[in-house]
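**Student:** Each chain is listed here by its residues.
There are 2 protein chains.
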Amino acid sequence: MKRRQSPASQIRFCRFTEKLSPLHHFLQEQLHLPLEEANALLRHWQKPRSLKRGEFLTRKGQVEQHLYYILEGTVVIFYDIEENEQVVGFGYADTLICSFPSFIRNRPSDYYIQALGATELVGITHTDFYCLLEQHPRLESTWRQMVEEALLGRIEREIDLLTVSPRERIQRLLNRSQHIFQLIPHKYIASYLRMAPETLSRNMK
Amino acid sequence: MKRRQSPASQIRFCRFTEKLSPLHHFLQEQLHLPLEEANALLRHWQKPRSLKRGEFLTRKGQVEQHLYYILEGTVVIFYDIEENEQVVGFGYADTLICSFPSFIRNRPSDYYIQALGATELVGITHTDFYCLLEQHPRLESTWRQMVEEALLGRIEREIDLLTVSPRERIQRLLNRSQHIFQLIPHKYIASYLRMAPETLSRNMK
DNA sequence: TGTGAATCTTGATCGGGATCAAGGTTTATC
DNA sequence: GATAAACCTTGATCCCGATCAAGATTCACA
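Chains as they are written, first to last, in numbering that gives the first Met the number 0: chain X, 0 to 204; chain Z, 0 to 204.
Please note that a few of the clues may not be correct.
Any copy will do: because identical chains look the same in the list, a pair fits if it lies in one copy or spans two.
Unchecked claim - Dumping the calculated DMTMM-like pairs for lysine to aspartate or glutamate here, alpha-carbon to alpha-carbon at most 20 Å:
hint, residue 1, residue 2
1, Lys46, Asp109
2, Lys46, Glu147
3, Lys51, Glu119
4, Lys204, Glu147
5, Lys186, Asp79
6, Lys59, Glu155
7, Lys59, Asp159
8, Lys186, Glu35
9, Lys186, Glu147
10, Lys186, Glu54
No wet-lab data here; the hints were simulated from the structure.
Make the full structure from the sequences, and use the hints.
**Tutor:** Structure (structure tokens):
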């Protein structure tokens, strides 16, 4: 109400909701969330957050307070194991991202999430999100289906990792997500595929 | 109703419900399912199925029609990749098991599930189960939490598989599930850990 | 409980991917 | 657009885990 009286705030408000329109589209078209639930969710999404290249969205030890939707840019998810970084995933525009184990369990994260370029995202807090789940059965149902899909994705990923030959591991990823080879520096992809950057390079032709 | 008239059927009925008592306990204590939902579920669980050592519960190509609860015995889950078998998991007494991707998506399974010894299980059909989810929000909520946990387990497993040294992969599994080293022939565990049986043997002392 | 099959162990050899190193190319930032 | 930094490629070497083989042990089932 009050913000409507100030032209400046109104502009902010408009720009904010305008930026959320991809998210609105995502909730309705990708997740098939009914309009009522989509709107309920949208009201709790917080204003955009910007990251420069190299900045961290989440660090090991932090409790993941948000579920993020990426408006623009790419991020990498990794953990460190004996001085090395092991990449476990990527995020790019029009996808949801967070340190899921930390977000789901509300415990400190083992993962880092780092921007690979200028990145813009919006987030909803753990508290808000799980409250909404309780209030909206259809949202709970949709989230359950999303987690089911995530589980199936992890099972697919397990087969990728169990494939012995590096060449085949590359091929499987190419078949499934060719676009990330254009989006993301190959050294991160190599780590993700459990191989040295040199091995990826030698097997890409 | 009718079965009550026959003493023989009544005995069968009694033995059946008696066998389900571990499942009842599992639903209430492990899954924290309220009594009403636990009972609703129990009514749809089908009579015990027995497998001999080596028999298949599920084969590649079959659509997984059931979610199973293991009363007794152990099973191994694997898929075949170029004439080889790759183990991806195990099931043992007092756990739920099935080819999850097939069960969730209602599509042909990529996995085999095979009994490693005499095994007894009960199952609920995909149709019954997902109907119940729609009817009981608290069941949906519990299932959502279970799938969340399964997802977290898969993420943990991913770190296991990404660990470079075979010795450490063994150690991680020992820390988490020492009991399976007593339950299950080591050649299956070796496959599960992405290494040759000889490598497992050489690194167990 | 006896008998064959399955499993586990130990040894020897081999190969593929990691590592180290150096040069060339692309990309970020001012 | 200049400059440095990050990234990719190619070559040479090495090491660890796979593979093959044979013997010992345990286990399944009659």
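**Student:** If a hint holds in the structure, say so; if it doesn't, say that too.
**Tutor:** Hints and how they fare:
1. Lys46 to Asp109: Neither: 26 Å inside a copy, 43 Å across copies.
2. Lys46 to Glu147: Answer is neither; intra-copy 28 Å and inter-copy 27 Å both fail.
3. Lys51 to Glu119: within (9 Å within a copy, 57 Å between copies)
4. Lys204 to Glu147: neither (35 Å within a copy, 39 Å between copies)
5. Lys186 to Asp79: within (15 Å within a copy, 30 Å between copies)
6. Lys59 to Glu155: For Lys59 and Glu155, the Cα distance is within 20 Å only across copies (16 Å; inside one copy 26 Å).
7. Lys59 to Asp159: between (26 Å within a copy, 18 Å between copies)
8. Lys186 to Glu35: Answer is neither: 43 Å inside a copy and 53 Å across each miss the 20 Å cutoff.
9. Lys186 to Glu147: Answer is neither: 30 Å inside a copy and 30 Å across each miss the 20 Å cutoff.
10. Lys186 to Glu54: within (18 Å within a copy, 45 Å between copies)
Violated hints for the displayed structure, listed by number in ascending order: 1, 2, 4, 8, 9.
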